[in-house]
Amino acid sequence: MSRHRHKLSKKAGLSPGTLHLEGEPRIGPVRITLMDYDAVRYMEKQCDSIEECFPYRDTGTITWINIDGLANTEVIEKIGRHFAIHPLILEDILNTEQRPKMEDLDSYLYLNLKMLMLAGPEKEIRAEHVSMIIGPHHLISFQETVGDVFDPVRDRIRRDGRIRKNGPDYLAYALIDDIVDNYFIVMEQIQERVEDLEEELVVHPLQQSLRKINQLKKEMIFLRKAVWPLRELITGLERTDSPLIQESTHIYLRDVYDHTIQVIDTLETLRDMVSGMLDIYLSGLSYKMNEIMKVLTLIATIFIPLTFVAGVYGMNFHYMPELTWEYGYITVWGVMIAIVIVMLSYFRKREWI
Amino acid sequence: MSRHRHKLSKKAGLSPGTLHLEGEPRIGPVRITLMDYDAVRYMEKQCDSIEECFPYRDTGTITWINIDGLANTEVIEKIGRHFAIHPLILEDILNTEQRPKMEDLDSYLYLNLKMLMLAGPEKEIRAEHVSMIIGPHHLISFQETVGDVFDPVRDRIRRDGRIRKNGPDYLAYALIDDIVDNYFIVMEQIQERVEDLEEELVVHPLQQSLRKINQLKKEMIFLRKAVWPLRELITGLERTDSPLIQESTHIYLRDVYDHTIQVIDTLETLRDMVSGMLDIYLSGLSYKMNEIMKVLTLIATIFIPLTFVAGVYGMNFHYMPELTWEYGYITVWGVMIAIVIVMLSYFRKREWI
Amino acid sequence: MSRHRHKLSKKAGLSPGTLHLEGEPRIGPVRITLMDYDAVRYMEKQCDSIEECFPYRDTGTITWINIDGLANTEVIEKIGRHFAIHPLILEDILNTEQRPKMEDLDSYLYLNLKMLMLAGPEKEIRAEHVSMIIGPHHLISFQETVGDVFDPVRDRIRRDGRIRKNGPDYLAYALIDDIVDNYFIVMEQIQERVEDLEEELVVHPLQQSLRKINQLKKEMIFLRKAVWPLRELITGLERTDSPLIQESTHIYLRDVYDHTIQVIDTLETLRDMVSGMLDIYLSGLSYKMNEIMKVLTLIATIFIPLTFVAGVYGMNFHYMPELTWEYGYITVWGVMIAIVIVMLSYFRKREWI
Amino acid sequence: MSRHRHKLSKKAGLSPGTLHLEGEPRIGPVRITLMDYDAVRYMEKQCDSIEECFPYRDTGTITWINIDGLANTEVIEKIGRHFAIHPLILEDILNTEQRPKMEDLDSYLYLNLKMLMLAGPEKEIRAEHVSMIIGPHHLISFQETVGDVFDPVRDRIRRDGRIRKNGPDYLAYALIDDIVDNYFIVMEQIQERVEDLEEELVVHPLQQSLRKINQLKKEMIFLRKAVWPLRELITGLERTDSPLIQESTHIYLRDVYDHTIQVIDTLETLRDMVSGMLDIYLSGLSYKMNEIMKVLTLIATIFIPLTFVAGVYGMNFHYMPELTWEYGYITVWGVMIAIVIVMLSYFRKREWI
Amino acid sequence: MSRHRHKLSKKAGLSPGTLHLEGEPRIGPVRITLMDYDAVRYMEKQCDSIEECFPYRDTGTITWINIDGLANTEVIEKIGRHFAIHPLILEDILNTEQRPKMEDLDSYLYLNLKMLMLAGPEKEIRAEHVSMIIGPHHLISFQETVGDVFDPVRDRIRRDGRIRKNGPDYLAYALIDDIVDNYFIVMEQIQERVEDLEEELVVHPLQQSLRKINQLKKEMIFLRKAVWPLRELITGLERTDSPLIQESTHIYLRDVYDHTIQVIDTLETLRDMVSGMLDIYLSGLSYKMNEIMKVLTLIATIFIPLTFVAGVYGMNFHYMPELTWEYGYITVWGVMIAIVIVMLSYFRKREWI
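Chains as they are written, first to last, in the working numbering: chain A, 83 to 435; chain B, 83 to 435; chain C, 83 to 435; chain D, 83 to 435; chain E, 83 to 435.
Please note: incorrect hints may appear among the correct ones.
No copy is singled out in the list; a pair is fine if it fits within one copy or between any two copies.
Claimed, not checked - With a straight-line cut-off of 16 Å between C-alpha atoms, the simulated EDC-like cross-links for lysine to aspartate or glutamate are:
{"#": "1", "residue 1": "Lys-299", "residue 2": "Asp-354"}
{"#": "2", "residue 1": "Lys-294", "residue 2": "Asp-233"}
{"#": "3", "residue 1": "Lys-300", "residue 2": "Glu-281"}
{"#": "4", "residue 1": "Lys-307", "residue 2": "Asp-340"}
{"#": "5", "residue 1": "Lys-431", "residue 2": "Asp-233"}
{"#": "6", "residue 1": "Lys-299", "residue 2": "Asp-237"}
{"#": "7", "residue 1": "Lys-183", "residue 2": "Asp-347"}
{"#": "8", "residue 1": "Lys-183", "residue 2": "Glu-314"}
{"#": "9", "residue 1": "Lys-431", "residue 2": "Asp-278"}
{"#": "10", "residue 1": "Lys-183", "residue 2": "Glu-282"}
{"#": "11", "residue 1": "Lys-205", "residue 2": "Glu-270"}
{"#": "12", "residue 1": "Lys-294", "residue 2": "Glu-280"}
{"#": "13", "residue 1": "Lys-294", "residue 2": "Glu-277"}
{"#": "14", "residue 1": "Lys-160", "residue 2": "Glu-373"}
{"#": "15", "residue 1": "Lys-247", "residue 2": "Asp-120"}
{"#": "16", "residue 1": "Lys-294", "residue 2": "Asp-361"}
{"#": "17", "residue 1": "Lys-299", "residue 2": "Asp-361"}
{"#": "18", "residue 1": "Lys-307", "residue 2": "Glu-210"}
{"#": "19", "residue 1": "Lys-299", "residue 2": "Glu-350"}
{"#": "20", "residue 1": "Lys-431", "residue 2": "Glu-206"}
{"#": "21", "residue 1": "Lys-205", "residue 2": "Glu-274"}
{"#": "22", "residue 1": "Lys-205", "residue 2": "Glu-301"}
{"#": "23", "residue 1": "Lys-307", "residue 2": "Asp-347"}
Honestly, the hints are just simulated from the structure, not real lab data.
Keep in mind it's a predicted model, so treat the numbers as computed, not measured.
Bound-form chain A, shown alone (with noise of 0.2 Å):
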C-alpha cells in the first residue's frame, strides 16, 4: 500500500508525458535479450545496450526484444525515439500502476497487463507490470524485474513449435496465455488459504481472524483490478481492425478469452466466499457465547436456590423448628437433591443440555 501512496505524491505536479519511474522501483540492473526467428531460422542473444537489437528490426524475421527492469529510463526513452512511441505509451510502460488496457496507436499496438507469480519460501504473491509493443515484425516486452513466466514460451520458439510459423500476434498472444495460466496457479493458492481460513472460522474464532480475512480481501481487491480489464484488453485485440492481428490469431484470442472468464468465475467465487466470512466469524463466535451461557446458567441455576436453602438453616433465630428435628438435616439434603433432579429433568426437556 505504500507504494501507492508514494507514487500518488510524486506525480502530482508533474508534467504529462515526463520520463520518470512510477511505483517503487526493485532495484536491479536493466537486462536486454533479444530472439530473433522465422519459420526456418532462429537466434537468441543477450545484448549489452539496447542499439544492438535495433538492426534486427528490419530484417523480415520476427524479432522479440524483452526488457527486465525500468529502473533505467534512458533505455526506455531510446526505445521510444527508435520505434516512435508516443511519449504517453512510454509514461504507461513506467507506470507500473497502470491499469491493464490496449491502445490501437496505428502503426503499432500497445498493452499491458500484470504478471502474477508465487514468490520466496512462503509462496507470497508477487505481481509485476509487464507491457508490449507489437509492431508488423516485432514485439517489445517490458517487464519490472529479471525472472518471469515466459520460459514455456522461449521453449516453444527454440523447439521449432507452431510459434516460429505465425508473427509477432500470435507470439503477443503466447505470452498473454502463459500469464493467464499462472493466474490459475495463483487462484489455486488462494482458494487453499480461504478454506483454510474458513474452517478455522467455523471451529475458532480468534481476533486474529479478523485480520486474515481484510488481508484476504484486499489480496482479492488487487486482483481484482488485475484480472477483470483483461476481459476488456482481449476483446480490444480481437475487435481491432488494426492489420497487426492476423484474421487466425482470432480463434487463439478467443480460447485466452474463455480461461480469463474462468479465471474470473474463479475470483469472484472466492470474493463470494470471503465476504460472507465475516458472517461466518461472527456465527462462529454467536455459537461460543451461546455454549458458554448453557454452562454458566446451568450451573448458577442449580446451585443458586441450593445456597439459599442452606442460607436458610445457617440463620441464627432461636425459634426454628426445623434445626431441632432428628432428621432435618437429612431431610434438607433430600429437599436439595429433590431441587436439583427436577431443574436437570427441565433443562434436559428444553435440550440445553
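Dock chains B, C, D and E against the given chain A, drawing on the hints supplied.
Quick look at chains B, C, D and E alone, frame taken from chain A:
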C-alpha cells in the same frame, strides 16, 4: 475441489493445442456406439475402433457417434483428423473444466455443456462434461464415462419418432433437452435438502449446520457455472446463420431455452434461500440465547435477594432483636415469599414468563 | 412446492410435444363456454362438446371460446387440430408451471399468464395458469378450473360496451387488464400481512415469526415469477408487427403495461420490506435481551455486595469486635443501605434505570 | 397506505376508460383559474364554469387553465370533450396513484407528476397528483386541491418575464421547475430528520427508534416512486419530435433534468443512510450490552470469591483452628482485600475498567 | 451540510436564469489573472477590472482568464455579455452545488468540476467548484476563492512547455489533469484514515468509532458525487464533434480518463472497506463480549458450588454429624479443591481457558 487444482497446475506451461486430458480422468475404457438412421431406415451398433464409424459419414443418413470416456486421447485425435476439427476444439473436448459454450466453425458447430445426474445410493450430484460436434449429416458426442441420460432419445430413434425425420440439429436439440430435463431432477433434490436444512436452522441451530450451509453454497456455485452459460449457448444456436441449424428447429430451441430459464429461476430462488440461511442460523442462535438468559435471570433475580435475607439473619451480632422474637422465623419466611410474588408479577408484567 | 417436484420427475424423459397435463391437476370436469358477438349481435352459450364451437370460427363475428379445466387433454388436442396449433404450444397450454410468455406464430398469437385470486374463508392466494390463443376472429382461453376473474368482461360484452366494437386483440387486452386488476387486490392483502408481521416483530419477536417471514418470502418469489414476465409479454404484444394486434389497441396495451409496472413497483417495495424483516427480528431480540440483562445486572450487582457483607458477619471467628458492639447490627444495616443508594445512583447516571 | 388499498379494491372490475376519481379525494370544491397572455398582453381571471375558459383556446394567445380539485368529474369530462382528450388520459388525470409519465398524443402532450409540499405546523410532507395537457396555444393543469407551489410562475407571468415571450412548452417547463425546486425543500427536511435519528441511534437506541427507521424507509420509497420516473419524463419531453416542444426550450429542459438528477442523488444518499440505520441501531444496542456486561462481571467476579471466603468461616465445624486464632479475623480481611486488588489489576490489564 | 440546505431554500421560487451566488460564498475579493501566450510569446498580468482582459480575445494568441471568487456577480455578468454566454451557463458557474458536467454550445464548450485540496494544519479536505469556458482562442476559468492547484500548469506555460504549442483544449486538459492528480493525494489521506480506523475497530471498538465510520461514509458520498460524473465529462469532451477539441488532444483526454478510472477504482475500494466497517465493529464488540463472558463464567461456575458447600456446613442443625468429625473441616477443603480441579479441567477441555 482438489480436481480443479490438479488440472490447474498441470496445464500452466503447456503449449495451447497440445492434447492431453484435463481434469482428473475417471477410469474406464473408451466405448464407441453408433446410430445411423433416416426417416425409413435405422441401424445401431457398438464399434471396437473409431475407424469403423468413419464410412457412415458420407452415406447421406444421419450418423450419431457417441464416445464414452476421454482417457484415450488417440481416439479423439483420429476423429479430429478425419473430421478436420480445429486443435483448440479438441482441447476443449478434453478439458472437463471448460465452461459451456457454442462455437460456429463454418463446416461444423461445436458445443459443450454439463450433464448432471443423481448417482449412487446417497443420490449425490454427479457432473459430466459433454461435447457435441454437429456436422451436415452427423453428430459426434463425447462423454467422460459410460452412463448418461440419453436413453429416452435412443428409444425415440428406435421407435421411429419425430427425431427420425429431422437432421443432426434436431438430434442435438433432443440431447440438450434431455440434459436440461435432468437439471430439474437435480434441482428438486437440492430443494428438498434446502428445505430440510432451513427447518433444522429454525428449530435446532448446530455448529454442524454452518458446514452444511457452506456445502450447499458451493454446490450452488457449481450449478450456476454449469447452467448460466447454457442460456447464451442456446441463444447462439438460434441466432447463428449457419445452414447446419434448420429454420424448423428454432421453435424447439426456443422451447429448451424456456426450460433453461425455468431452471435458472429455480436456481436463483434456491441461491436466495441459501444465502439467507446464515441469518436464519444467527436468528435461531439469538433466540435460543434469549431463552436461556431469561431462565438465568429469573432464577438469579428471585434467589439472590432471598439469599441475602437469609444471610442477614445468619449474622452473629450479639444484639439482633429479630432473632429472639417468637415469630421472627415465620416473619422472615413471609417476607421472602412476598419478595418472590413481587418478582414473579414484575416478570409477568414484562412478559418474560 | 410438492406440486413442482411431481411435475419435474414426471416430465424428464418424455418426448417434447407429447400431450399430458403437467402440474398436479385440480379435479373437475371440462366446461366449455362460448360468446359470439360483433357490434350489433351477441350470443352466449355453454357447449357440451368442443365440436359445437368450431362452426363459429368462420362466421365473421368475434368468437370467444373459454375452456375451464385442463384434465381432459382430448379436448385440447381437438382444438389443436382444428385451429392448427403447434404441438409445443399445446404443451405450453397444459404446462401449469410455464413461465408467462407471448409467442407470435404468424397465423395466431399465443400468450399465457398467471391469474391470481383470493380464495376461501382464509383469503388464501390461488394461482391459475391461463393461456390465450388470439386468431383473426376468435380468442380461445384455457383455465385450470371453473371460476375466474373475467365476469366484468362478460358483463361488458353483454352490455354492448366498447369491447363489442373491437376485435379479439381488444378482448385479450380486456382479459389481461382484469387479471392485472386482481393482482392489486392480492398485493393489498399481502401488504396487510406484511405490516401486521412487521408490528409483531418490533413488539414480540417469537420463534414462530421466523417461519412467517420465510413463508412470506416464498410467496414473494412466487408472485415475482408470475408478475415480472408480464412486462415482457405486454411489450411483446405492443411491438409485434402481427396484423392481429390493431394500431388502436396499442394505447390500451400501454395502459395495462403501466398497471403492470405499478404492480411490480408494489411487489418490489414489499420484497424490500420482507427482506429487511430478519434484521428487525434480530433487532427486536437484541433489544429484549438488553432489557433482560439490565434487570439481571441491577439485581445481581445490588445484592451480591450486600450478601457478602452479611456473610462477613456470619463468620464464627472468636475475636470479631464488631459483633459485640451495641450498635453493630444497626450500623451494618446502615452500611448496606448506603451501598444500595450508591449503586442506584451510579445506575441512574449511566441511564440504565 | 390505507388510501392505496381503497383505490385498489375499487378499481378492479371497472371498465377501463370509465371516469371516476381514484384514490381518496381530498374534499373541496373545484376552482378554475385562467391566465391568458402573450408578449404584450396579460389577463387573469377566476371562472365559475369551465365553459367560460373555452373561447380563449383559439385567440392565438397562450392560455393556462388551472383546475384545483378532481372531485367534480363532470368538469374533467367537459374538458375532455372540448379538447378531444383520449378517455385513458382523462382516467390518468383522475388516478392520483398514477406513476409520473409523459405521453405524446400528436395533437397534445400529456404529463403527470407529484407535487411535494411541507404542510401544517408539523411540516408534514404532502403529495399532490398534478397533470398537464400541453396544446399548441394552451396548457391545462389539474391538481388535487387548492394550494400549490406555482405562485412564483404566476408572478413571473404578471411581471412580464421571459415566460411571456415563450409558448406553453416553456410554461410547462417553468411549472415542472417549480415542482422540482420544492423537492429540494422536502429533501432538506428529511435530511434533518435522518441526521437527528442517526445521532439518537448512536447515543440512545430505543425500541421506538425501530419504528422511526421503518417510517423513514416508507417515506423514502414513496419519494423514490415520485422522483425517479421524472427523469424519464423529462428525457421524453426533450427527445420527442413533437412540434409542441420548441428547440429553444431544450436547454431549459436539460437544466431541470440536471436538477432532477441532483434530487435523485440526494435521495439515494439518504436511502443509503437510512438503510444502514438498522445496523447502527444494532451496534448501539451491542455496545450498551457490552457496557452492562462489564459492570456485572466486575461486581460479580469481585464479590463471588469474597462471599465464598466469608462462607467458609461461617461453617460450624467444631475443629476449625483459624476461628480461634487471635488475628484470624483481621487476616481474613487481609486476604479478601488482596483478592480485590488482584482482580482489579487483572481487569485493568485486560482494559475492562 | 448546512451549506447545502441554505442553498436549497434560497433557490426555490427564483426565476431560472437569474444570477445570484448559490451555495454559501467564501468571503474574498474577486481576483482576475490573465495569461496570454502562443508558441513564441508569453505574457502574464493581474487585471483590476474584467474589461482589461477583453482586448486579448481577438489577438490570435491563446488567452487564459482566471477568475478567483464568485461573490461579485457583476463580473460574471460582464463576461457573459462580452463572450455571449447563455444565462443558464452563468447560473451553473455560480451554482457551487452543480454536478460536474460538460455542455457543447457550438461556439464554446462549458465544463465544471470539483477541485479537491488538503487545507489547513489538520489536512482537511476542501472542495472548490471550478468552471471553464473553452472558446476558439481563449479559456476562462472560474474558482470559488484564491488558491488552487494550477501552479504546475502556470509554470509549464512560463517554461515554454508543450502547452505553448497547443490550443485552449490542451490547456483545459492540463487543468483537468492537475485537478485529477490532486484527487490521488486526497485519496491517499483518506486511505490512511480508513486503515487507522480499521485497526482501531479490530483492537478497541469504541462508541466513538461509530461516529468516525459515519463521518467517513459521508465524505465518501461527497467524493463519489465529485468524481463519478468526471468520467462522463471527459468522455463527452472526447466524443464531441466540436472543432474546439483537436484530434491530437484526444490521446491526452484518454490518458486523463484512465487516471479518473483509477481514482474511481480506489474510491470504490475505499467505499467497500468503509461499508464493511460496521460489521468489523460489531465483530470486535462480540469478540470482547465473549472474552468478558468467559471470565464471568469461569469465576461464577467455580465459586458458586464452593459457596454452596460452605453454606451447607454453616447450617445450624443440631444433628449434623460431619461438624463433629475431627477431620471434617479438612475434608471439606479437600472436596472444594477437588471441585475446582474438576471444573478447571472441564474448561480446559472445552478450550475456554
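Each hint tested on the structure:
no.: 1; hint: Lys-299 x Asp-354; verdict: both (10 Å within a copy, 10 Å between copies)
no.: 2; hint: Lys-294 x Asp-233; verdict: neither (34 Å within a copy, 44 Å between copies)
no.: 3; hint: Lys-300 x Glu-281; verdict: between (20 Å within a copy, 14 Å between copies)
no.: 4; hint: Lys-307 x Asp-340; verdict: between (18 Å within a copy, 13 Å between copies)
no.: 5; hint: Lys-431 x Asp-233; verdict: neither (68 Å within a copy, 53 Å between copies)
no.: 6; hint: Lys-299 x Asp-237; verdict: neither (37 Å within a copy, 42 Å between copies)
no.: 7; hint: Lys-183 x Asp-347; verdict: between (20 Å within a copy, 15 Å between copies)
no.: 8; hint: Lys-183 x Glu-314; verdict: within (8 Å within a copy, 19 Å between copies)
no.: 9; hint: Lys-431 x Asp-278; verdict: neither (37 Å within a copy, 23 Å between copies)
no.: 10; hint: Lys-183 x Glu-282; verdict: neither (39 Å within a copy, 37 Å between copies)
no.: 11; hint: Lys-205 x Glu-270; verdict: within (12 Å within a copy, 29 Å between copies)
no.: 12; hint: Lys-294 x Glu-280; verdict: both (11 Å within a copy, 13 Å between copies)
no.: 13; hint: Lys-294 x Glu-277; verdict: both (12 Å within a copy, 14 Å between copies)
no.: 14; hint: Lys-160 x Glu-373; verdict: neither (70 Å within a copy, 64 Å between copies)
no.: 15; hint: Lys-247 x Asp-120; verdict: within (7 Å within a copy, 44 Å between copies)
no.: 16; hint: Lys-294 x Asp-361; verdict: both (14 Å within a copy, 15 Å between copies)
no.: 17; hint: Lys-299 x Asp-361; verdict: both (14 Å within a copy, 14 Å between copies)
no.: 18; hint: Lys-307 x Glu-210; verdict: within (13 Å within a copy, 30 Å between copies)
no.: 19; hint: Lys-299 x Glu-350; verdict: both (12 Å within a copy, 13 Å between copies)
no.: 20; hint: Lys-431 x Glu-206; verdict: neither (53 Å within a copy, 36 Å between copies)
no.: 21; hint: Lys-205 x Glu-274; verdict: within (12 Å within a copy, 28 Å between copies)
no.: 22; hint: Lys-205 x Glu-301; verdict: within (14 Å within a copy, 29 Å between copies)
no.: 23; hint: Lys-307 x Asp-347; verdict: both (14 Å within a copy, 8 Å between copies)
Hints 2, 5, 6, 9, 10, 14, 20, counting from the list given before, are not met by this structure.
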